[in-house]
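S.K.: If you want the building blocks of each chain, they are given just below.
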Amino acid sequence: MTYPSGTIIRYSAASRINHWITGGCFVLLVLSGLAMFHPMLFFLSNLFGGGQWTRAAHPWIGVVLFISYTGLIIQFWRDEMWTRDDLAWTGAITRVLVNEEDGVPEVARFNAGQKFVFWAMALLVPVLFFSGLVIWEVYFSSYTTIEQQRIAVLIHSLAAIGAIIVWIIHVYAGLWIRGSMRAMTQGYVTPGWAYRHHRKWFTRLAETGSKGPVPRVSHDTPSIRSGS
Amino acid sequence: MADLQSQDYIRRSATTLTPPAARNYEQQVAKLIDVTRCIGCKACQSACMEWNNLRPEVGYFEGSYENPMDLGPEVWTLMRFNEWENEKGDLEWLIRKDGCMHCEDPGCLKACPAPGAIVQYANGIVDFVSDACIGCGYCVKGCPFNIPRISQTDHKSYKCTLCSDRVSVGLEPACVKTCPTGAIMFGTKSDMTDWAQERIKDLKSRGFENAGLYDPPGVSGTHVMYVLHHADKPSIYSDLPEQPHISDFVSFWKGLIKPVALAGLAFTALAGFFHWITVGPNDVQPEDEAEAERLLRSAEKPR
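Here the protein sequences come in this chain order: A and B. Everything in the first sequence is counted per our numbering, starting at 1050 for the first residue and increasing by one. Everything in the second sequence is counted per our numbering, starting at 5 for the first residue and increasing by one.
Please note that the accuracy of each hint is not assured.
[As the list claims (entries may be wrong)] No farther apart than 25 Å at their CA atoms in a straight line, the calculated lysine to aspartate or glutamate pairs in the DMTMM-like style are these:
no., chain 1, residue 1, chain 2, residue 2
1, A, K1249, B, E297
2, A, K1260, B, E291
3, A, K1249, A, E1129
4, B, K237, B, E70
5, B, K208, B, D195
6, B, K237, B, E91
7, B, K46, B, D74
8, B, K92, B, D243
9, A, K1260, B, E295
10, B, K160, B, D109
11, A, K1260, B, D195
12, A, K1249, B, E54
13, B, K262, A, D1128
14, A, K1260, B, E293
15, B, K237, A, D1128
16, A, K1249, B, E202
17, A, K1249, B, D287
18, B, K205, B, E89
19, B, K237, B, D135
20, A, K1249, B, D74
21, A, K1260, B, E96
22, A, K1249, A, D1128
23, B, K208, B, E293
24, A, K1249, A, D1134
25, B, K237, B, D252
26, A, K1260, B, D252
27, B, K181, B, E202
28, A, K1260, B, D292
29, A, K1249, A, E1155
30, B, K160, A, E1196
31, A, K1249, A, D1151
32, B, K160, B, D74
33, B, K205, B, E96
34, A, K1249, B, E291
35, A, K1249, B, E293
36, B, K237, B, E54
By construction, these hints were calculated from the structure, which means they are not laboratory data. In this text the structure is predicted, and so the values were computed from the model without any measurement.
Looking at chain B on its own, in the form it has when it is part of the complex (with noise of 0.2 Å):
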């Protein structure tokens, strides 16, 4: 049976071919949180669990509002709160929803290893096919984000699917259904960006100079993006990355050293077989016996 969802990849992780490209006429899509109307009432959390069936171990109070305290297999968003004291002393409490950014370029399907465990939709959501996930924790590694979680009880990889598969019959993803505030809002990403514009504009007149757009060019951009009100300092919205891109350790060990390593690989075989065929084995030849014999008779003659 065709899975006509595998016609729509655009990346496929440990893939070295094309992936299907016929069906090319498709929107990139995109999630646009504006943390500026955000009231952290964790509708989008439980609307997440819902429509998942997502039901995490019930953790304790750890003396925040953030509940539970780490994403996890089954926390695939989590909304972070922070107390922030601004440059007037006044107190801010920045509350981000935190969850997979599916970045343009994602770091994750770079570093994996299992073919296919790991695809990037024509519409820009980057999925796991737990299927085919061998639990490596690869993607953790190729994360800008620190993002993927690998269950303890089936060893495969987890985060937002973005609900892919809400999306594919044209429904917007949960956590923007349910958000009671319009803080989460899901349209092309083109559409998003446009009203990102807007609510930028009216933040700057109201005083926020900085407030601008996270849709960082290190990862070439991503299908989930953040409005801010101090964009010249993600990092106070609970460790957004200023700068994030995919780690230069893990873009060497996938890029150059692979092609490279293989090649010195075949190279010394390829050596040892030349070696062969030209030179050959070297064979013990009778006058070392021979000479051999003479020692050891000498060896032996009493002293």
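Excised from the complex, chain A in its bound form (with noise of 0.2 Å):
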């Protein structure tokens, strides 16, 4: 894969193509689940070949979901780790919202405001998959009560709608902060981005002669330019 000089890798191959399955499904699920849920989305159904269909699709895309949004897990959770400088960052959450970000505590690869949505999402996703099976009612209807299915069904509109709340905010975020989009499609950043937005990532890649997305670690591998 090529990216065009100077620029700085953000999401490797990989992470796009298990990302952008995540959000397919997402918005799948989201239209699916939305017009079994109130009467006036019920037309959503029309999109997927009427009520039945809807019906049968909606949790198979559920389980497609739930293995990608692991994918993202495994190759995400490293970077989404909290710490103590996320605080910090919170703290100056209001001059964020302002793109006033001179002075905003510096950032690694991920933000605070990132982290929240990996992190609701690593939470709900789950809640939604399993709160899911126990109402997927061709398949596993007779292994619970119907008292129990009743709990799970309204557990499982709570946390979609949750769900789905953190996706607005994620898919605005990624809107607001230009160049997020190209990274997510394409790959790539400015270093100009990476300095503004993720200033600590862009110095540890800067010292370790990066392209990204991660510095290399220079006690196991050669760097760049110690061959030369």
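Join the two chains into one complex using the hints; note that each chain is given alone, in its own frame.
M.R.: Encoded structure:
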């Protein structure tokens, strides 16, 4: 995979494919799920070929998303670990929100907002998956009592609403912070973008002479220049 | 073509609008099952199968008169048998015809997400419109009596229709017509309630002091009612619920959270929009690129 010279790799091709499988499934799940949640949105079931198809397809898409999100967790969990710096960044959130990032504590590969989205979904996706299994009428209705299914469908709805709200925040942040969309579609950002939004990450990359997305560890891998 | 029956709906699942309401002069009907006169002959089960063209798969003898052992997509009514030892140590064989109770406040209809898949006619009958059913099983969760069953063949939900097709042309339900002891009666709800009171008076005079009518107020009454010799203990009749009502989980899921959830989603999206038109996008500035370039160059210097 080639990237324009002078740019920094933000997300590997594998990460991007994984992300967009998850995102595509999520959109389909929101549309089919809301169709079965509120009568005024039942028309969305037409997108899936009618009510029966919506009911049949929704859980299978959920299975794909669950597997796909597990992949995202495996790829990103290290960079998403909560640190003390995140608390300082969160304290300066009002400055971030008005695009005044001068003086805001420097962040590594992901800021506290991104970590919130990541971990909120890491919680909600399994909740949705397992509560969804309980109410997957065709295959699993005989394994639980009706009362358990009532609780599961309520949890499923509440978790879904939570996940959609988190997702709206996530999508808006991607549009608001210019350059993020290209990072997740074409994989790269400019050095200025990295400097502005993820200075600690950028500094580490510069120090280790790495192209990204993660700084090469100098003591077990020869740096680019050591051979020349 | 006008579907005249669609003008008789007083409730329609997953609908936010008022159903057609002009044809408003209709008597409420009820089926009265007098458990005290039932002999357990299952003629009602046969008549139901015959009228509705239902042929469940033949099963196995399970050591009980109950056959088959449960309601199903092709079993809309079922005699349930319970041997109960009363306070005097005598055996009472309690036989109850189980099936949809046609609640005045139907939990299945409240839970259903498919517009028009469950309807309630002006006469009180709750009916499944199979064409619109999506097979999600929400009606099962909404029902306080554990009645609807989802077919594994066509993924549609089924239950007793109270022979809505017969009733709409002035006939009584098939089970009523066939009952040899008059244990199943059909008429207006007020007539059935009056008749039940006479039966209860008679039962009380014969020593069943707790005889009474089962028309549970938790679901605003039902259009299928029982006369019970022990109305103080409905559960001895093969787990007839003591105080049936729509589960609080279902009421919450289908009540408050629907509008609140949509408002929450709309609010979040609008907050984003107003942020966009006030604060606007966060662009990388030329200074950022210059600083980044300087940092990169200093890092490249030989150490």
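S.K.: Take the hints in turn and mark each one as holding or not.
M.R.: Here is how each hint holds up against the structure:
Straight-line distance between C-alpha atoms of K1249 (chain A) and E297 (chain B) comes to about 15 Å, which keeps the hinted pair within the 25 Å bound. As the CA atoms of K1260 (chain A) and E291 (chain B) are separated by approximately 21 Å, the hinted pair is consistent with the 25 Å bound. For the hint pairing K1249 (chain A) with E1129 (chain A), the CA-to-CA distance comes to about 14 Å; that is within 25 Å, so the pair holds. The hinted pair formed by K237 (chain B) and E70 (chain B) meets the criterion: a straight-line CA distance of about 21 Å does not exceed 25 Å.
Our distance criterion of 25 Å between C-alpha atoms is met by K208 (chain B) and D195 (chain B), whose separation comes to about 20 Å. For the hint linking K237 (chain B) to E91 (chain B), the alpha-carbon distance of about 12 Å falls within 25 Å, and the restraint holds. This hinted pair checks out: K46 (chain B) and D74 (chain B) have alpha carbons roughly 14 Å apart, not beyond 25 Å. The straight-line distance between the Cα atoms of K92 (chain B) and D243 (chain B) is roughly 21 Å, inside the 25 Å bound, and the hint therefore holds.
About 17 Å separates the Cα atoms of K1260 (chain A) and E295 (chain B), which keeps this hinted pair within 25 Å; it holds. Our distance criterion of 25 Å between C-alpha atoms is met by K160 (chain B) and D109 (chain B), whose separation comes to about 22 Å. Between the alpha carbons of K1260 (chain A) and D195 (chain B) the distance comes to roughly 85 Å, so the proposed pair goes past 25 Å and is violated. A hinted pair counts as satisfied when its Cα atoms are at most 25 Å apart, and K1249 (chain A) with E54 (chain B) does not qualify at roughly 78 Å.
Between K262 (chain B) and D1128 (chain A), the direct Cα distance comes to roughly 36 Å. Violation of the 25 Å bound is thereby established for this hinted pair. Of the pairs offered as hints, the one joining K1260 (chain A) and E293 (chain B) holds, with about 16 Å between alpha carbons and a cut-off of 25 Å not exceeded. Between K237 (chain B) and D1128 (chain A) the CA atoms are separated by roughly 62 Å; this puts the pair beyond 25 Å, and the hint is violated. For the hint linking K1249 (chain A) to E202 (chain B), the alpha-carbon distance of about 86 Å lies beyond 25 Å, and the restraint is violated.
Using a Cα cut-off of 25 Å, the hinted pair K1249 (chain A) and D287 (chain B) holds, with the two alpha carbons roughly 19 Å apart. Distance restraint check for K205 (chain B) and E89 (chain B): the Cα-Cα separation of roughly 24 Å lies within the 25 Å cut-off, and the hinted pair is therefore satisfied. A distance of roughly 39 Å separates the Cα atoms of K237 (chain B) and D135 (chain B); the hinted pair therefore is violated under the 25 Å criterion. The suggested pairing of K1249 (chain A) with D74 (chain B) is violated, with an alpha-carbon distance near 66 Å, which exceeds 25 Å.
Taking the CA atoms of K1260 (chain A) and E96 (chain B), the gap is about 84 Å. The hint is violated against a cut of 25 Å. The straight-line distance between the Cα atoms of K1249 (chain A) and D1128 (chain A) is roughly 12 Å, inside the 25 Å bound, and the hint therefore holds. Of the supplied pair hints, the one linking K208 (chain B) and E293 (chain B) is violated, its CA atoms being roughly 94 Å apart against a limit of 25 Å. In summary, the hint linking K1249 (chain A) to D1134 (chain A) is supported, as the alpha carbons are separated by about 11 Å, within the 25 Å threshold.
Taken as a hint, the K237 (chain B) and D252 (chain B) pair is honoured in the structure, with Cα atoms around 23 Å apart against an allowance of 25 Å. For a cut-off of 25 Å, the pair hint linking K1260 (chain A) to D252 (chain B) is broken: about 56 Å separates their Cα positions. Of the supplied pair hints, the one linking K181 (chain B) and E202 (chain B) holds, its CA atoms being roughly 21 Å apart against a limit of 25 Å. Pair hint K1260 (chain A) plus D292 (chain B) holds up; C-alpha atoms about 18 Å apart against a cutoff of 25 Å.
Straight-line distance between C-alpha atoms of K1249 (chain A) and E1155 (chain A) comes to about 6 Å, which keeps the hinted pair within the 25 Å bound. Proximity of K160 (chain B) to E1196 (chain A) is assessed by CA-CA distance (about 21 Å); at most 25 Å being required, the pair is judged to hold. Proximity of K1249 (chain A) to D1151 (chain A) is assessed by CA-CA distance (about 14 Å); at most 25 Å being required, the pair is judged to hold. Restraint check for K160 (chain B) and D74 (chain B): satisfied, since their Cα atoms lie roughly 18 Å apart, inside the 25 Å limit.
Pair hint K205 (chain B) plus E96 (chain B) holds up; C-alpha atoms about 20 Å apart against a cutoff of 25 Å. Only pairs whose Cα atoms come within 25 Å are accepted, and K1249 (chain A) paired with E291 (chain B) is accepted, the gap being roughly 17 Å. The straight-line distance between the Cα atoms of K1249 (chain A) and E293 (chain B) is roughly 15 Å, inside the 25 Å bound, and the hint therefore holds. Our distance criterion of 25 Å between C-alpha atoms is broken by K237 (chain B) and E54 (chain B), whose separation comes to about 33 Å.
Going through the hint list in order, the structure does not satisfy hints 11, 12, 13, 15, 16, 19, 20, 21, 23, 26 and 36.
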